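So the chains spell out like this:
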Amino acid sequence: MKVLLVDDEEDLVSTMVERLAFRGIEACYATRGTRALELVRDPEIKVAVLDLKMPGLSGVELMERMKELRTDLRFIFLTGHGSEDDYHTCKRAGVNDYLVKPVQLDALIETIKEAAQ
Amino acid sequence: MTRSDPLQADGPARMALARGELRYLGAMSAGLSHEIRNRLATINEKNGLLQDLVHLAGQGGRLDLARLASLTADIARLVGSVNDSCRKLSALAHTPDTEQLTVDLAQQVELVAGLMGLSTGQGGLAVELAGGQPIALESDPVLLQYLLHLCLRPAAASRAEGTISLRKADQRIHVELQGAAFSELEETSLEDVLQAVAGLGGVVAEIAGGVAIDLPPTGPPRTGSPQDEK
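Chains as they are written, first to last, in the working numbering: chain A, 1 to 117; chain B, 1 to 230.
Quick caveat, the hints were computed from the structure, so don't treat them as lab data.
A hint or two may mislead.
Just so you have them, the derived chain A footprint on chain B, three or more residues with Cβ under 8 Å [stated by the list, open to error]:
| id | stretch |
| --- | --- |
| 1 | 44-55 |
| 2 | 93-102 |
| 3 | 142-148 |
Away from chain A, derived, C-beta distances all over 12 Å, residues of chain B [stated by the list, open to error]:
| id | residue |
| --- | --- |
| 4 | 71 |
| 5 | 77 |
| 6 | 128 |
All values derive from a computational prediction rather than experimental measurement.
Think of the CB as a built atom: it goes at the ideal place given N, C-alpha and C, for glycine as much as any other residue.
Please put together the full structure from these sequences, using the hints given.
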């Protein structure tokens with residue numbers, strides 16, 4: 001299983017990718033929606049972890065575009081806002097899970113595994 | 001720039017203005033909170049990576065001292081960034097403490113732009129002062145910042161370049177917004193700006209030596225300014 005992380009904070013996602021690799025989880029990242037749409041064509045990717053608010057395509061818009069390419073993909077949202085509005089936006093959009101930054105990596109891994117099942 | 005307390009005044013216009021100000025303070029606080037959470041998340045991951053590397057070294061792996069030094073430098077930089085955000089949040093929280101204050105208009109523009117994540121340096125928004133002289137304004141800081149926030153919203157959405165020119169003429173202060181950053185002004189913010197500045201003339205007419213928002217040449221005709229309403 002491979003995981004795609006999408007967040008405009010490169011420092012954050014690149015570090016997460018490295019830490020996930022230490023735990024045997026292959027991951028890649030994108031800091032822009034356009035790049036994420038290229039990467040998601042890789043059939044090995046089973047779960048996408050998306051930032052909710054990014055410049056350009058928002059997390060929800062990106063998820064909708066990804067769904068057009070991959071119907072089997074599961075989605076987890078990671079947000080720095082954590083507002084009620086964000087929660088309801090994710091619920092309405094049918095997101096599999098929703099976590100608020102900062103998140104402990106073990107909790108994220110658990111959520112990724114649950115989503116992938 | 002002064003006002004009577006909109007919360008105590010009658011009339012929906014005053015209540016709308018008060019609600020707008022609260023929304024402004026809320027939006028800026030939420031933005032700073034988001035910024036802080038993002039930095040904390042990165043600090044959390046960098047710290048976690050440090051722990052991972054030390055753990056691997058304990059199991060016989062090679063300890064890359066240069067890598068450790070780089071990670072600790074990153075963490076120190078991020079802590080500084082969180083501290084900046086906390087300072088901004090504190091300044092914002094104390095903005096309503098004083099109803100009237102002598103403020104430097106250019107500094108207020110830069111403050112609001114900074115709170116909105118807009119750069120006022122190269123490649124972002126340029127703030128120009130006619131004559132190069134600071135413009136001091138006796139102002140209700142929340143009201144002034146709210147109006148500036150409404151003006152800067154299209155720039156925050158487009159991230160394009162633009163110029164904010166500030167000048168004082170005939171006892172009035174003009175804020176001119178020009179460039180691609182403000183090309184959406186008439187569609188997105190203009191209505192709000194006019195409501196706040198002109199439509200709410202009952203409130204804004206009380207502004208002494210008020211701020212006139214000079215709209216871009218392509219915008220609709222000016223329907224009023226604080227002074228015009230009088």
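Structure-based check of each hint:
1. 44-55: holds (count 6)
2. 93-102: violated (count 0)
3. 142-148: Violated: only 0 residues of the stretch 142-148 of chain B have a Cβ under 8 Å from chain A.
4. 71: 9 Å, violated
5. 77: 10 Å, violated
6. 128: 26 Å, holds
In this structure, the earlier hints numbered 2, 3, 4 and 5 are contradicted, and the remaining ones agree with it.
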